[in-house]
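S.K.: Sequence:
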Amino acid sequence: MIKALIVFSLICFINAKFTTNSTCKDCKGKIHTKQDLQLTKRCLIIDKNQTCHNRKYNFIVIVKSGSFQRRNLTRSTWAKEIIEHFNIPILYAIGYPKDSDLQKDIIAEDLKYHDLLQFNILESYYNLTLKTTSVLL
Numbered sequence: 146m147i148k149a150l151i152v153f154s155l156i157c158f159i160n161a162k163f164t165t166n167s168t169c170k171d172c173k174g175k176i177h178t179k180q181d182l183q184l185t186k187r188c189l190i191i192d193k194n195q196t197c198h199n200r201k202y203n204f205i206v207i208v209k210s211g212s213f214q215r216r217n218l219t220r221s222t223w224a225k226e227i228i229e230h231f232n233i234p235i236l237y238a239i240g241y242p243k244d245s246d247l248q249k250d251i252i253a254e255d256l257k258y259h260d261l262l263q264f265n266i267l268e269s270y271y272n273l274t275l276k277t278t279s280v281l282l
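Numbering-wise, the sequence shown is residues 146 to 282 according to the working numbering.
It should be emphasised that the hints constitute simulated quantities derived from the structure, not laboratory data. Virtual Cβ for every residue (Gly too), placed ideally from N, Cα, C.
The calculated lysine-lysine pairs, modelled on BS3-like cross-linking and capped at a C-alpha distance of 25 Å, are:
1) K257 x K243
2) K243 x K209
3) K225 x K201
4) K209 x K249
5) K225 x K257
6) K209 x K225
7) K257 x K209
Here are the in silico distance ranges between beta carbons for each label pair:
8) K257 x F204: 16 to 22 Å
9) Q248 x Y270: 18 to 24 Å
10) Y271 x K225: 31 to 37 Å
11) V280 x G211: 14 to 20 Å
12) Y270 x I233: 25 to 31 Å
13) K249 x L281: 27 to 33 Å
14) Y258 x K201: 20 to 26 Å
15) D250 x V280: 18 to 24 Å
16) S245 x K201: 35 to 41 Å
17) S269 x N232: 31 to 37 Å
18) L273 x N203: 18 to 24 Å
19) T222 x K243: 26 to 32 Å
20) Y202 x T277: 14 to 20 Å
Please take these sequences and the hints and turn them into a complete structure.
M.R.: What follows is the structure, encoded as structure tokens:
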């Protein structure tokens with residue numbers, strides 16, 4: 146697991162180091178420290194440990210916390226098929242939104258569908274690395 150984090154950190158460092166303004170306008174790059182990555186180990190707001198426990202496979206989709214329509218679209222299409230035919234749970238990994246009203250909607254959505262995995266990581270482009278790492282742990 147540590148080796149995977151080191152490799153992942155190296156890839157992120159190389160990506161940030163060689164990103165230029167010609168490929169990404171106004172990119173500043175963000176290198177996460179070892180402490181940042183260690184914070185991702187257990188920072189769940191909405192935890193689905195019981196869903197993942199004793200399962201050979203889990204399908205986790207990393208998506209923005211405000212993407213309600215996209216989650217509903219996948220629930221009614223391919224996610225429904227995977228659950229019905231293969232009995233593999235689909236979870237949506239999201240971060241913490243900047244808008245507190247949006248958090249209320251997320252809690253209501255989870256009470257309805259029981260398929261959100263929410264990390265205590267502020268939802269942003271630069272924290273996508275932390276959210277992805279959290280899913281891997």
